[in-house]
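All chains, full assembly: derive it from the sequences and hints.
Everything in the sequence shown is counted per the UniProt record's numbering, starting at 1 for the first residue and increasing by one.
Keep in mind that the hints were calculated from the coordinates and are not lab data. Each hint should be verified, as a subset may be incorrect.
[To be verified] Simulated pairs of lysine-lysine, DSS-like, Cα-Cα distance not exceeding 27 Å:
#1 Lys-7 / Lys-42
#2 Lys-7 / Lys-30
#3 Lys-36 / Lys-7
#4 Lys-42 / Lys-30
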Amino acid sequence: MPVGRGKTYLLRIISAVMDEELFFGIAHHKLILVGKDGSYTKQVGTSYIMIAPGQSMDLLLEANQPNGLYVMAARVFFFFNFVKGNPKAF
Numbered sequence: 001m002p003v004g005r006g007k008t009y010l011l012r013i014i015s016a017v018m019d020e021e022l023f024f025g026i027a028h029h030k031l032i033l034v035g036k037d038g039s040y041t042k043q044v045g046t047s048y049i050m051i052a053p054g055q056s057m058d059l060l061l062e063a064n065q066p067n068g069l070y071v072m073a074a075r076v077f078f079f080f081n082f083v084k085g086n087p088k089a090f
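Structural data, given as structure tokens:
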């Protein structure tokens, strides 16, 4: 995603996963949470967010770092298959 240094961008992150909460962040950048699930929130600065299935978050990203490539990463909060190998589950 090409961005211009010194500009601020609104990112709408939508979690389209089924069962897992995710962490999301952008390397060396601060995110400011301004909305959640279609409603405004008090602005909160953070280096990453945790987002649940079906949830949406509006984030401000200030491109204040030197030009370069920065990793945008999402990682599962917790992964464990409760059903696999457990015939009594469900």
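Evaluation of the provided hints:
{"no.": "1", "hint": "Lys-7 / Lys-42", "verdict": "21 Å, holds"}
{"no.": "2", "hint": "Lys-7 / Lys-30", "verdict": "13 Å, holds"}
{"no.": "3", "hint": "Lys-36 / Lys-7", "verdict": "22 Å, holds"}
{"no.": "4", "hint": "Lys-42 / Lys-30", "verdict": "16 Å, holds"}
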